[in-house]
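Visitor: Below are the chains, spelled out letter by letter.
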Amino acid sequence: MSAASAGSPAASAELRLDPLARLGRLVSGTGAIARVEVQKLRHDNLDIFTRSVQPLLWLFVFGTALQHARSLNGGTGDYRAYIAPGVMAQAALFVAIFYGLAVIWERDLGQLQRLLATPLPRLGIVLGKASGASVRAIVQAIVLFAVLAIARIEIHWSVFGVLGSLVLLAIGTAAFACLSMVLAAVVKTRERFMGIGQLVAMPLFFASSALYPLALLPVWLRAIARVNPLTYEVEGMRRMLLALPVGDAVWIDFAVSIAFLAVFAGLAARLYPRAIL
Amino acid sequence: MSSRPDTEPAVLVDDLVVRFGDVTAVAGVSFSVENGEVFGLLGPNGAGKTTTLRVLTTVLRPTAGRARVAGHDALAEGLHVRASIGYIPQAISVDAALTGRESLEFYARVNGVPRRERKARIADAIETMGLESIVDRLARTYSGGMLRRLEVATALLTRPRVLFLDEPTVGLDPTARRLVWEHLEMLRDEEGTALLVTTHIMEEAERHCERIAIMDLGRLAAQGSPQELKDEFGAASLDDVFAAATGHEIVEGGSFRDVRRQRRIARRLG
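Heads up: the protein sequence lines correspond to chains A and B, in order.
This note's numbering puts the first residue of the first sequence at -14, with every later residue one more than the last.
This note's numbering puts the first residue of the second sequence at 5, with every later residue one more than the last.
With the rest of the complex left out, here is chain A:
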């Protein structure tokens, strides 16, 4: 090697343990993982577009069929516009809830063992992976926004609305990706995980306000929807995209989504090492 090799080993010589250095490692580690997720997406981006088909079916088939059921749209004009945020969140949910599969896959290969033996904080691994799911969700949402514009489905176009809903979508998606990593660390095999993923994703979707106002649900289901993170994600996006009275409610939607992310990310970081055993 070159003359540079005469120097001391970079990391061990100047390994600092103060909170600032730890935070720095967390941020740069999260960034490194997220960067790789984006690079992988760049090399192979077909699935983002195939995954965009299903939300379009919900929007145009389901949405058009139920266009005339007046009570479904919560008093906004076009039912398709009403479910657009729900459909975006649903598409992201299905990406996120199966993201833990990558954990199992990477365990079967050697990537996870290898990552756990680097100075990268575990929370950084989890948050980096979760950001990967968020990036996919955002790309899918942008495709859907384009379709909404082309099909002239009337949503309230504003910079705050579009950017705000993308941020909320990213937070919610990251939270579900972390939940998925928790599940993967617990069930450990691909077969069991696929079953669990379906079991979790569909009820989350239906027990939320993605397709109908909560007021239409029976009381018990409404109670479940109230503790469902997806409800807050969808409600917040809807408030910002349909120019509903925003008020304080949208901040509650953000706060609840961030809280869910914090809890699931913390849990996932704790359980992650178990995945390799």
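Hints are computed from structural coordinates only; laboratory data are not their basis.
All C-beta atoms in this analysis are idealised placements derived from N, C-alpha and C, irrespective of residue type, glycine included.
Hints are supplied without guarantee of correctness; some may be wrong.
Claimed, not checked - One side of the interface only, derived from the structure: several residues of chain A facing chain B at Cβ under 7 Å: (1) VAL21; (2) VAL23; (3) GLN24; (4) LEU94; (5) GLN96; (6) ARG99; (7) LEU101; (8) ALA102.
On the provided structure of chain A, position chain B as indicated by the hints.
Guide: Only chain B this time, still in chain A's reference frame:
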């Protein structure tokens, strides 16, 4: 290398025990690896080699005993240990969906190689492992030997004091195997990196390792240089040493998952 605290061996394992429930994977193992030494941990699948490596790489907490790596306690100073080592697990650890260069950049970032040194270190590692012609291709197009060389390159970026390799040549053909070993020995000679290698191929251990510990059923059956071991047991080959030290031939053990994993790797590399 004067800045390194060389007073301590690269690896020091003292009466290490690892239990999973009722199963004792490692049952009181002690050995040490000197700085700049090529040390082989030998034994059949299921002997406890990988479990030992997991403790040394701080991924697994031991049930009892002490493990020190590069002058730091594996349990109490895990972060320091992780910053001083390279670890290449048996299964493939670089992402097939990335190019070689992207993997190198990733591990440089993850290991905290300072931004201004990244480019030079990556160029160094590419040169050392002879990856110039393939580094910008996706790793899924690599042969098994190329993948292993890329993995070693990613582990070199931090100039680790100890490099752990779990069955580095499993699934490789003889030519690729020789090439990987050539690069590993060059690394040891030029950088003074200690290499702790697990293998179940006796002939390979005999040729490349300066010292060997034979592991069976979670215990060390014998240790010493290949020549010492052969003299001690009056054996012509390490296979015979293994049989004499453990009382049985080297048989394939290991769980279903180990076997499945190994076959999968062999298929991917082949």
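Visitor: A separate judgement is required for each hint: does it hold in the structure or not?
Guide: Results of checking the hints against the structure:
1. Look at VAL21 (chain A): its Cβ gets to within about 5 Å of chain B, closer than 7 Å, so that hint holds up.
2. Hint status for VAL23 (chain A) relative to chain B: violated, with the closest Cβ pair at about 11 Å, above 7 Å.
3. A hinted interface residue such as GLN24 (chain A) counts as satisfied when its beta carbon comes closer than 7 Å to some beta carbon of chain B; here the least separation is about 5 Å, so the hint holds.
4. With its C-beta approaching chain B no nearer than about 5 Å, LEU94 (chain A) sits inside the 7 Å limit, and its interface hint holds.
5. A hinted interface residue such as GLN96 (chain A) counts as satisfied when its beta carbon comes closer than 7 Å to some beta carbon of chain B; here the least separation is about 5 Å, so the hint holds.
6. At a threshold of 7 Å, the smallest CB-CB gap from ARG99 (chain A) to chain B is about 4 Å, leaving the interface hint in force.
7. The beta carbon of LEU101 (chain A) comes within 5 Å of a beta carbon in chain B, closer than 7 Å, and the hint placing it at the interface holds.
8. For ALA102 (chain A), the suggested interface contact is upheld, since its CB lies about 4 Å from the closest CB of chain B, less than 7 Å.
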